[in-house]
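FYI, the numbering used here numbers position 47 of the sequence shown as 48, with every residue one higher than the one before it.
Mixed in with the good hints, there may be bad ones.
Cross-link-like lysine-lysine pairs, in silico, DSS-like; alpha carbons within 27 Å at most [to be verified]: (1) 80 - 38; (2) 38 - 89; (3) 67 - 89; (4) 89 - 101; (5) 80 - 32; (6) 40 - 80; (7) 32 - 89; (8) 101 - 80.
What the hints contain is simulated information worked out from the structure, not anything from laboratory work.
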Amino acid sequence: MPLFIINEVNQNPKRLGHLLDMMGSMLAQLKFQLEAKVKSGEFREVDPVQLFTNIISMSLFPFLSKPIIQGAFEYDDEKFNAFLEDRKVLIPEIILNYLKTNH
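Let the sequences and hints guide you as you build the complete structure.
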């Protein structure tokens with residue numbers, strides 16, 4: 002799916018408008034949630050654009066680099082899918098550790 006979206010945007014840049022609207026909406030929601038957590042003292046203050054970019058990057062990169070990851074680590078499709086499943090746990094852990102105030 003990520004490769005399809007990126008390919009579609011590259012093929013038809015007009016579709017980027019809808020994607021940008023969607024991302025803007027997601028970023029606004031993220032900012033709202035971050036502000037609440039910062040005010041409560043649960044999270045430290047961070048740049049929401051950097052956070053959003055990190056989340057998207059960590060999520061998309063494995064799909065975009067699948068042939069590289071599979072080749073470098075000798076992963077067949079089953080191992081690669083297990084790797085993706087592990088990332089479902091790992092990415093939130095990384096993000097939450099980054100956001101916590103005890104740095």
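Here's how the hints hold up against the structure:
1. 80 - 38: violated (36 Å)
2. 38 - 89: holds (22 Å)
3. 67 - 89: With Cα atoms ~16 Å apart, residue 67 and residue 89 stay inside 27 Å; holds.
4. 89 - 101: Roughly 19 Å separates the two Cα atoms, so the pair holds.
5. 80 - 32: violated (35 Å)
6. 40 - 80: Judged against 27 Å, a Cα distance of about 42 Å means the pair is violated.
7. 32 - 89: holds (22 Å)
8. 101 - 80: It is violated: about 32 Å lies between the C-alpha atoms, which goes past 27 Å.
Of the numbered hints listed earlier, those contradicted by the structure are 1, 5, 6, 8.
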